[in-house]
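Under this note's numbering, read the sequence shown as residues 69 to 125, first letter to last.
If you're looking for bench data, these hints aren't it; they were derived computationally from the structure.
Every value quoted in this text rests on a predicted model; they were computed, and no experiment measured them.
There may be inaccurate statements among the hints.
Claimed, not checked - What follows is a list of derived Cβ distance ranges for each label pair:
1. GLU114 to PRO79: 17 to 25 angstroms
2. ALA95 to ALA71: 26 to 34 angstroms
3. HIS84 to GLY120: 16 to 24 angstroms
4. GLU109 to PRO79: 26 to 34 angstroms
5. ALA71 to ALA124: 12 to 20 angstroms
6. HIS122 to SER94: 25 to 33 angstroms
7. THR81 to THR106: 28 to 36 angstroms
8. PRO105 to VAL76: 23 to 31 angstroms
9. ALA87 to ASP113: 12 to 20 angstroms
10. SER123 to ALA74: 27 to 35 angstroms
11. GLY120 to VAL77: 28 to 36 angstroms
12. ILE118 to THR81: 27 to 35 angstroms
C-beta: ideal position from N, C-alpha, C; glycine also.
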Amino acid sequence: AAAIPAYVVFPDTTLHALAQYQPKTSADLLDISGIGPTRVENYGDELLEIIGQHSAP
C-alpha cells in the first residue's frame, strides 16, 4: 500500500464514525458519511479486516 496519510483517504469525522460503529459489511460501510462506492471498492475489504481485528468480541 502506498504511504498515503489517513486523512487523505478518509476525513477524521469518517475515521471516528468507523471506530464508533465498527461496520462488518460493505453495506455497513456505505451507511457511514464520507464513504461511497468508490472508497468501498478501493479500501473496503482491507478496512473491514482491520476493524474486525480490533473489534470487541
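For each hint, the structure was consulted:
Between GLU114 and PRO79 the Cβ separation comes to about 18 angstroms, which falls inside the hinted range of 17 to 25 angstroms. Distance hint check for ALA95 and ALA71: the Cβ-Cβ separation is about 30 angstroms, which falls inside the suggested range of 26 to 34 angstroms. In this structure, HIS84 and GLY120 meet the distance hint of 16 to 24 angstroms, their C-beta atoms being roughly 18 angstroms apart. About 18 angstroms separates the C-beta atoms of GLU109 and PRO79, a value inconsistent with the hinted range of 26 to 34 angstroms.
Between ALA71 and ALA124 the CB atoms are about 29 angstroms apart, so this pair departs from the stated range of 12 to 20 angstroms. Distance hint check for HIS122 and SER94: the Cβ-Cβ separation is about 18 angstroms, which falls outside the suggested range of 25 to 33 angstroms. The supplied range of 28 to 36 angstroms is broken by THR81 and THR106, whose beta-carbon atoms lie about 18 angstroms from each other. A hinted range of 23 to 31 angstroms for the beta carbons of PRO105 and VAL76 is inconsistent with their spacing of about 18 angstroms.
Roughly 18 angstroms separates the CB atoms of ALA87 and ASP113, a value that falls within the hinted 12 to 20 angstroms. A hinted range of 27 to 35 angstroms is violated for the C-beta pair SER123 and ALA74, which are about 18 angstroms apart. At about 18 angstroms, the CB distance of GLY120 to VAL77 disagrees with the hint of 28 to 36 angstroms. Checking the proposed 27 to 35 angstroms range against ILE118 and THR81 shows it is violated: the Cβ atoms sit about 18 angstroms from each other.
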